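> These are the residues of each chain, in order.
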Amino acid sequence: MKRQWRTFFAVSLTLVIGGCTGNPGPAPALKPAGFGAALVESSGGKQIGATGTVLAQPLVVQVNDEQGTAVTGALVEFVGPAGVSFDPPSGLTDSSGQLSTNVALGSMAGRYQLTARTSTKAQKSVELKIEEIALGYQQQVGFQLDNKYCARCHNPESSAERVSNYDNLEVKPHPFTEGDTLNKMTDAELTAIISHGGPALNKSALMPPYGYTLSKTEIEALISYIRLISDPPYHASGTVYAQK
Amino acid sequence: MKDALSSLWQTLFGHPVRAFGVVSLLLLISLAIAPAKNHFSEWRHYQKQYLALIRSRGDAVTLQRHFHDGIQQIWLPQLGVVDRCTTCHVGLKEASLADVSTQPFRQHPVIPHTLDQFGCVMCHRGQGPATTVEEAHRSTLAWEQPILPARYVQSSCGQCHRAPLTGTPQLNLGRNLLGRYGCVHCHTIKLPDGSAIKPTDDPPSLEHIADKTTREWIYAWLKDPQAYAVTATMPNFKLSEPDARDISAFLIANSTPLAGDTAPVAPGTKDEKAPDPTAGASLYGESFCASCHAVQNAAGNVVGGDIGPELTRVGNKVKPEWLRAWLRNPRVYDSGTAMPHYRFTDPQVSLLTAFLGNKTDSDLLANVHLDAATPEQIAHGKLLVTEYGCASCHEIGGIKKPDNFAPELTRIGSKPLTQIIFLPGMTHAIPDYIAAKIRQPRSFGSALKMPQFSLAPAQIDALTTALLSLADRAHDLPLALTVPAKPPSNYQPAGKAGQLMADLACFSCHAINGRGGDMAPDLTWEGSSVQRPWLQAFLKNPGTLRPALIRRMPKFNLSDDDAKELTDYIMTVYQTPAFDRDSMPASGYPPAQVEQGKQLFYSKYACQSCHIVDTKVDKGYIGPTLTQVGSRLNAVWVYHWLKDPQTMRPGTIEPNRNMNDEDARALTAFLMTQKGSSKKETKK
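Chains R and S supply the protein sequences, listed in that same order.
Quick note: the first sequence, position 195, residue 326 per the numbering used here, numbers continuous.
Quick note: the second sequence, position 227, residue 231 per the numbering used here, numbers continuous.
Simulated from the structure, these hints should not be mistaken for lab results.
Accuracy of the hints is not assured; some may be wrong.
Claimed, not checked - Below, computed lysine to aspartate or glutamate pairings styled on EDC-like, alpha-carbon distance capped at 20 Å: (1) 544(S) <-> 290(S); (2) 623(S) <-> 301(R); (3) 279(R) <-> 522(S); (4) 97(S) <-> 351(R); (5) 441(S) <-> 298(R); (6) 363(S) <-> 197(S); (7) 347(R) <-> 648(S); (8) 623(S) <-> 351(R); (9) 202(S) <-> 228(S); (10) 608(S) <-> 658(S); (11) 347(R) <-> 658(S); (12) 279(R) <-> 228(S); (13) 623(S) <-> 218(R).
Quantities reported herein were computed from a predicted structural model and do not represent experimental measurements.
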């Protein structure tokens with residue numbers, strides 16, 4: 132009788148464990164052929180994408196040794212918060228010391244801090260933090276409005292389709308990523324300047340009012356977008372509910 | 005063993021009283037099962053967690069008041085929604101929980117709809133009435149549709165909203181791609197209103213292809229269309245070498261000559277090699293070919309528009325005698341082409357032919373050596389053309405366009421999983437199936453005919469999103485609950501001007517009365533907007549209104565008669581009913597009013613941030629230059645535009661300033677004095 136129970140336990144335990152490891156667990160371990168001392172970002176950081184979608188550019192990191200030369204065959208792993216997926220999640224650097232991965236952001240709007248990790252010869256872990264931004268519905272609308280109405284003056288970058296007017300203006304508009312200035316303004320102030328133009332806050336008269344062009348929800352969407360992409364990040368002041 | 009059991013029986017039921025007690029106990033326990041199950045249920049566990057979470061917050065009292073114990077349900081009979089999601093997702097409506105990262109307690113992100121209007125499964129799918137995590141989110145035996153991954157959530161907007169929305173760029177792109185990549189040539193997609201999605205890619209007819217190109221080019225193109233042009237939308241059919249050889253043999257043999265589609269150079273004139281390449285390049289630039297055609301530069305970037313085909317290696321493709329005739333008048337070869345009929349002179353045609361003929365890639369056809377086609381090869385080619393359904397997209401002489409060549413996709417977003425063959429290792433869900441099928445159609449079987457499209461990951465996601473929106477719900481919703489798209493317009497201008505506009509392909513760039521492209525301004529009310537002499541001069545020689553733009557109106561070398569004909573038509577027909585064009589004078593405003601307008605322009609309204617009236621001081625390059633607006637626009641149009649630009653041209657970025665009547669009149673007076681000088685123009 133006791134033996135029967137024991138075998139039953141053994142069988143069910145193996146089943147349970149088997150069921151757990153049946154998920155795509157760690158991929159066949161990669162053998163690193165080289166070890167670096169530093170991890171640097173080549174491209175693909177600070178991108179803006181919609182929630183849940185794959186970012187337009189792949190994330191590329193490079194492994195260097197002490198002398199700063201690229202290391203081939205170093206093992207790099209990518210990790211991120213819940214919901215973020217990497218394709219591939221880990222791999223060996225190529226002949227130029229680089230590894231590229233496609234990043235899909237999670238389903239929540241906000242900033243995502245991703246980590247790339249490699250280890251040195253002495254098994255010491257070297258980490259690199261990369262930040263990406265996911266836009267939710269509201270910020271997505273704000274992004275489109277920015278592209279249509281604001282970016283021509285507020286974004287210094289020119290493209291073939293849209294030449295920037297930034298350089299032609301005497302009083303320079305603040306790019307929306309300029310957190311140092313914009314984070315000091317309250318939502319009410321931003322709403323005022325968007326609806327009533329620069330003079331509403333004693334700013335440049337060249338900023339026209341959009342209060343009769345954009346709806347209230349559109350202005351809210353624009354502000355929520357500006358808040359999300361600001362650098363340094365914006366923290367709402369006012370009532371703080373969460374007790375630490 | 006047997007002894008032990010019988011002694012246990014004796015102990016429990018040996019005595020009637022004892023037996024009664026035991027049975028009562030068993031009954032009590034069995035009665036307690038249901039309440040216990042309820043007490044230990046998953047959702048109660050989440051509700052307890054939530055209460056623990058809010059207890060430590062500053063607004064605990066408010067949150068506590070909003071909280072309702074027990075199973076919660078949103079019931080919307082009209083939509084068929086029975087959602088109990090809010091039983092566990094307790095904080096969805098609490099704005100102060102936006103910073104909470106633990107699910108299921110976070111606030112729902114701001115969207116235009118509320119929970120009480122639409123519930124949850126309308127957008128997220130999943131099993132609404134379920135009260136366990138597993139049953140609500142995942143595919144079960146009783147409920148196939150699992151939760152929709154966030155990356156495709158815009159598809160749900162498309163169930164009701166048929167027109168593009170600002171907040172759903174992915175869905176808009178996907179719907180666009182269904183037409184642009186010609187998916188709907190083979191797959192029928194009927195929309196809930198009964199109409200079908202129409203292709204927008206305009207694949208060329210192959211009836212006279214031998215006049216246009218060589219068999220070698222066809223072979224190379226069939227083998228790998230993207231090797232010729234990276235932006236080509238033609239998919240790769242992964243043909244074997246003999247198959248590509250036989251199809252090219254058939255297409256050439258099947259081609260019939262078309263009168264006038266080639267223009268050989270007369271042996272006497274040796275102008276083919278003579279023109280210098282810079283003159284060709286500048287004519288290409290002056291004619292704004294790049295507004296529609298792209299060319300890949302040395303850095304590998306594709307630069308230019310996407311209305312016409314990419315021209316990076318066009319010299320490898322077209323025969324010079326065909327190109328010559330095409331440039332002279334493209335409508336001879338293809339009457340419906342989006343390419344305008346430029347009235348090029350013969351030297352200009354030669355110049356462009358030589359310039360484009362030099363756009364070659366020596367590697368493209370270097371390894372293509374084809375022997376003369378045999379009748380067997382041609383017959384086999386015809387068979388392959390029929391089998392692969394080439395005639396679904398292209399017109400091919402002697403082969404009928406097949407009906408329903410590929411499965412209909414009208415309800416693909418709700419296809420039952422039992423009807424789908426999944427690949428090993430694939431998640432058993434519709435989105436994964438659709439995406440995999442688009443990414444690599446032939447991985448589902450090498451005998452499948454669906455070709456390999458060359459799409460970026462974001463494009464595949466967009467297409468999947470658009471297809472997922474074609475769900476049962478989209479078709480079964482009461483029509484009153486949907487937001488219809490604007491019906492497509494087949495507006496056709498009448499008479500000789502109409503013929504001219506078709507010849508010049510105005511609709512490739514401009515929209516009129518709902519039909520046409522969006523590259524250039526909408527001309528529906530152009531007749532109310534501009535002054536006649538300006539329009540006629542502009543059609544003859546289009547100057548630029550926005551110097552910063554790279555895409556501009558080309559010069560079509562119109563004759564005086566043609567320009568007059570078009571001007572007459574536009575001035576007479578394209579009129580807004582809102583006001584009378586001649587109700588305000590073009591000049592003669594009192595100087596005081598003009599001066600007041602100038603003050604308003606520079607101070608109160610600060611128009612110089614986007615517009616230029618004085619080229620010496622103003623630097624606004626966003627709106628059109630206004631130096632000669634007084635001879636370009638009608639006074640009354642300017643007045644109405646200032647008062648409400650969005651009504652005059654929906655979607656314009658000019659802000660509405662809520663201008664009072666006096667200001668609008670003064671500004672109009674000032675702007676109408678900006679007549680420009682003919683000197684400046686000639687200098688330009």
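> The structure should be examined with respect to each hint, and the outcome stated for every one.
Going down the list of hints, with the structure as the test:
Restraint check: the Cα-Cα separation between residue 544(S) and residue 290(S) comes to about 14 Å, which is no more than 20 Å; the hinted pair holds. Distance hint between residue 623(S) and residue 301(R) is fulfilled; the C-alpha atoms sit about 10 Å from each other, no more than 20 Å. For the proposed pair residue 279(R) and residue 522(S), the alpha carbon gap of about 15 Å is at most 20 Å, so the pair holds. Proposed proximity of residue 97(S) and residue 351(R) is supported: the alpha carbons are some 18 Å apart, at most 20 Å.
Distance check on the hinted pair: residue 441(S) and residue 298(R) sit about 48 Å apart at the alpha-carbon level, beyond 20 Å; violated. At most 20 Å may separate the alpha-carbon atoms for a hinted pair to count; residue 363(S) and residue 197(S) exceed this at roughly 46 Å. At most 20 Å may separate the alpha-carbon atoms for a hinted pair to count; residue 347(R) and residue 648(S) meet this at roughly 18 Å. For the hint pairing residue 623(S) with residue 351(R), the CA-to-CA distance comes to about 30 Å; that exceeds 20 Å, so the pair is violated.
As the CA atoms of residue 202(S) and residue 228(S) are separated by approximately 26 Å, the hinted pair breaks the 20 Å bound. Restraint check for residue 608(S) and residue 658(S): the C-alpha separation of about 16 Å stays at or below 20 Å, so the hint holds. The hinted pair formed by residue 347(R) and residue 658(S) meets the criterion: a straight-line CA distance of about 18 Å does not exceed 20 Å. Between residue 279(R) and residue 228(S) the CA atoms are separated by roughly 38 Å; this puts the pair beyond 20 Å, and the hint is violated.
For the hint pairing residue 623(S) with residue 218(R), the CA-to-CA distance comes to about 47 Å; that exceeds 20 Å, so the pair is violated.
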